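K.L.:
Protein chains in written order, with my numbering: chain A, 1 to 373; chain B, 1 to 298.
Just so you know, the hints here were simulated from the structure itself, not pulled from any lab data.
Keep in mind it's a predicted model, so treat the numbers as computed, not measured.
Note that CB positions come from ideal geometry on N, CA and C, so glycine has one too.
Do not rely on the hints blindly, as some may be mistaken.
What the hints assert, rightly or not - Each computed DSBU-like pair below joins lysine-lysine, with the alpha-carbon atoms no more than 35 Å apart:
1. Lys260(B) / Lys67(A)
2. Lys32(B) / Lys46(A)
3. Lys47(A) / Lys184(B)
Unchecked claim - Facing chain B, according to a computed beta carbon distance under 7 Å, are these residues of chain A, among others:
4. Arg69
5. Arg272
6. Gly276
7. Thr277
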Amino acid sequence: MRRRRFLHTAAGGGLVLGTGLVPALINLHAFGPDVELSHVEARYYKKLPDREIECQLCPRKCRLGDKERGYCGVRENDGGVYYTLVYGKVCALNVDPIEKKPFFHVLPKTNALSLAAAGCNVNCKFCQNWEISQSRPEQVPAIDLPPVRAAETAGRYGCPTIAYTYSEPTVYYEFMADTAVEARKRGIRNVVVSGGHINPEPLEALTRIVDAIKIDLKAFTPEFYKTYVRGELQSVLDSLVLVRKSGVWLEVVYLVIPTLNDSIADIRRMARWMAGTLGTDVPLHFSRFSPMYLLKNLPPTPVPTLEAARQAAREEGLRFVYIGNVPGHEGENTFCPKCGTVLIQRFGYQIQKNVLKGGACPNCRTAIPGLWT
Amino acid sequence: MSFSRVVIVRAPGVLSADGAVRGPALARLYEKGLRLLTGASEARDALASIFSPAERIGIKINAIAGRRLTTPPEVSLPLAGLLVRAGIKPRAIVIWDRTNRELKEAGYRLNAAGEDFRIMGTDTAGLGYGGDPLEHRSIASRFSAIQAGTVDASISLAVLKDHGLAGLTAGMKNYFGAIHNPNKYHDDHCDPAVADLFDSAPIKDRHRLTVVDALQVQYHKGPSFHAAWADRSETMIFSLDPVAADFAGGQLVEKLRRAKGLPTLAEEERPPSYIQTAARLGLGRAAAADIQIIEDSI
């Protein structure tokens, strides 16, 4: 099947060059012809009798007969061998400010070559990229961008990082892992934007080849995960702990959705858990919700709600708590947790000021955790 | 009290030794099944009582499992021929499934634009899946432009199979091929997703007839083909009640499983509970006492 030529603008992107101030669209014709699905054997699965398999990549552990696909829609059992259908099949490709991921403690004011393949292993009713994450790969036009070429592309566009993002990188694990290795050979770092539904073994392996992981903690109640995510909270918490222990830089995003997960009591419990389990240095972003996908009936998050969440988290001891999707809000800035100096001043995805010196506050010399150089 | 009628017709010899469908025997099978279903004197009159000449008719087949376990052209094309005899224009008949690749692998010759029956996948240029997801009960999906737009009325011409996740796949679950994200509905044995999907307007408002192809039944380890558990049942099931048709299909699978000493689907913890859910939604009947089963043979 030939697929339509494609120019994707995931999350309002397009190709953004330089500092992110000058948006420009990339001509994907330059990347080659439209592509077929890949047929690369998947990792992390178990062969069972009678051509059945059990996927061991994520907590769903899909047990599949011949010709069946997993919940993600991008991994298929063909004759008792499990294949990834999206290896090198990139359906979204942009150069984004790394602040857009968001990573606020990773190489500020740099760009990340941001890419995705189709598919996801959950089904969030508020997904902002549902057109690629909730589709099968044959429904989403894509280009062929194998790992070496992806790494070279990052270098060509001056990106010090590759971000695996937009959909759910876990479901294109093999492509992500091989690209990460190629990127590192070229001095390019790897950052992952994930929902955290991944089993410990593949996640542990991933932490050996990537530099930063952002995990969406979508709520702090199992009920929310069951109803609005189609996932489970505990596996996400386990992933957070594993990443933190690995030493890979970790940031957490909590999308605050009016009436669904905006209980300040729950948010306070979550912040307390983070402070006690992950430590107080892990940045926490409270992002503003916008109506989309299956939750168009809800309003955007009121800013006071975000401010109350931020205050509660700070009261629980977290030292770096941000507000996202509210350009110009002071909650976008990084403050010295000791003396209160504004260290990095942001407006949206732009860096207006960065006075960090050697990763420390210039005023009181307090070290600020992160990947700064 | 009225009953839902299910007609089960067996045609010994309809399959040759190598599994090929014998056309004349199948024609007689269709003839008898449709006559018994409607009381009409001929199959074409039976179909004319279900569809009007001005309608565009979709025949949703199941081509997912390749040549060995799919609705083959030898089964779907004769049904399309009967529709023509009932007054439907050939070009108004669409034999379809998800992708052109699967159709070709199942032995179909694609024909998206000719004057004859149209045979095409949802991925045919200009079709695809509709814009925003349609939310209905537990499902939120984009629908095939064929099911939701190209056709006015629909036949589910499904292959009867055991299904590792759903327990059973027959007429209702066949419509999983009409949405863009069936993989999202595999939890809980596809229950209530199969019923909820069938209850959605693009399906419920168009579906008229279920024909379950049980010529060869995969009664264990489906939905792919396993010779060890495939039975040459040489049977087809007809019903205007989609739930009753699946109920009868489930009984046939269970009967074959019993005969081979296999546990029931429930004992294997994958009962096709969506059938009862569909009945509770009022989509049809799923109790033996409410179903009139007419068995015959040729």
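K.L.:
Output the indices of the hints that this structure fails to meet, ascending.
P.N.:
Per hint list: 2, 5, 6 and 7 violated.
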